[in-house]
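Asks: Here are the chains, one letter per residue:
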Amino acid sequence: MLVALFALIAWMIIIVFVLVPKRLTVTEMIFLYYIIGILTVTLFTILDVNLEWVPVTRDIEKSFALHICRFIIIPFLLMMASGILNSPLSRRWRWSIGVLILILLLVDDGLMLRFEMITFRHWSLLYSIPMYTMFIVTLTFITRWFVRLDREELK
Amino acid sequence: MKVIHYDNHFNGNEWFVIISIVVGLLAFLAIPKRFPIKVSIIYLLTGVFTGFFFDHTLSVIPVSYYDLNDKSVFELTDFLSHVMYASYSYFFFYLYDYLKVKFRYSPVYILIWTIMSMGIEKLSALVGVYHYKHGYTIFYSFIIYLLVHSSWVALYYIIEIERQGEKKSILLQ
Chain A
-15 MLVALFALIA WMIIIVFVLV PKRLTVTEMI FLYYIIGILT VTLFTILDVN
35 LEWVPVTRDI EKSFALHICR FIIIPFLLMM ASGILNSPLS RRWRWSIGVL
85 ILILLLVDDG LMLRFEMITF RHWSLLYSIP MYTMFIVTLT FITRWFVRLD
135 REELK
Chain B
20 MKVIHYDNHF NGNEWFVIIS IVVGLLAFLA IPKRFPIKVS IIYLLTGVFT
70 GFFFDHTLSV IPVSYYDLND KSVFELTDFL SHVMYASYSY FFFYLYDYLK
120 VKFRYSPVYI LIWTIMSMGI EKLSALVGVY HYKHGYTIFY SFIIYLLVHS
170 SWVALYYIIE IERQGEKKSI LLQ
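Chains as they are written, first to last, in the working numbering: chain A, -15 to 139; chain B, 20 to 192.
Hints are computed from structural coordinates only; laboratory data are not their basis. Some hints could be false.
Within a straight-line C-alpha distance of at most 30 Å, the following computed DSS-like cross-link-like pairs (lysine-lysine) qualify [as the list claims (entries may be wrong)]:
hint: 1; chain 1: A; residue 1: K46; chain 2: B; residue 2: K152
hint: 2; chain 1: B; residue 1: K52; chain 2: B; residue 2: K121
hint: 3; chain 1: B; residue 1: K57; chain 2: A; residue 2: K6
hint: 4; chain 1: B; residue 1: K57; chain 2: B; residue 2: K119
hint: 5; chain 1: B; residue 1: K57; chain 2: B; residue 2: K152
hint: 6; chain 1: B; residue 1: K152; chain 2: B; residue 2: K141
hint: 7; chain 1: B; residue 1: K119; chain 2: B; residue 2: K52
hint: 8; chain 1: A; residue 1: K46; chain 2: B; residue 2: K52
hint: 9; chain 1: B; residue 1: K90; chain 2: B; residue 2: K152
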C-alpha cells in the first residue's frame, strides 16, 4: 500500500517533470541527477547511520517506499527547482516556484515522518528548510557551471 | 544502532582505495581525449553514482548485506571507495566507444566487464573493503553487475543519440 502510494506520488512528479519546459539537455539532466544522488545519499546516510538524528525504518515495505522518495521524488523535485532557477523567467516567478518546490519537499518529509519511514530524533521539519534550501541553491550554481562548460571548452 | 568495528588501522583497504584512485586518475589523464568534457564528466560520475546507489541500498538496513571498510558507519574511506569507481566506469565507456562495439555484441562486452568486476570485488573483499553479511556472497553481485553494465550501455546510446543530434544541428546551421 505504502509503496504504491509513493510510487503514485513519484509518477505524478515525473509527469510534471516531463511536461515542464526544460532548458537543460539530457546530458545536463543526467549530470544533475547524479550530483543530487551523491549529495543527498551522503547527507541522509550521515544523518541516519553516523549521527542517528534521522534513523530510517527497518520495515521492508517502508524501506522500499523510502528509496522511491530518495531516488525519484526528492531528486526530480530538486532538478525541477534547479532548472527553474536557471530559466529566463522573471526573478519573482523563479523564486516563487522555487519556494513552492521547497514546500513540496517538506510535505514529502512530512509524509515520510507520518508513515514512520523516518524518525526525527534530533531533527525537525524546521531543520529541513535550510537543508533543502542549501541543496537548491548549491545545485543551481553547479548547474550553471556545468551548462557553461561547453562554451569554455570551445574557447 | 550497534557500530561494528572491523579494524581501526590504516592498512590494506585504505591503500587499495587510494592506489585505485591514483592509478585510475593517471590512466584517465594519460589516454587521448575521446569525449567532450561534459560527456567525460558524466561517464566518470556514472561509476560514482552507481556505487552510491547500490552501496546505500544493499548495505543499509533493513537488508544490510555488507559493510564497507573499517566500520559499519559512513567514513571518508567509504566516500573514496565510491570515487574509486569513477575511472572504472570511464574506461567502460571509453573502450566501448574505442572498440566500436556493435550493439549485438554488447552482451559479450557486458559479460567480460562483469567477470572482471567480480575479480576486482574479490580482491577488494580480501583487502577489507567489503565485509559481507546476512548470507550475501559475491555471486549475488554477478547479477547486479550484469544489470549495471547493461544500463551503462543503454546510457551510452542515450548520450550518443543526443551527441549525434547536436552534430546534425551544428551542420545545419
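Asks: Going through the earlier hints one by one, which of them does the structure break, listed in rising order?
Replies: 5 and 8
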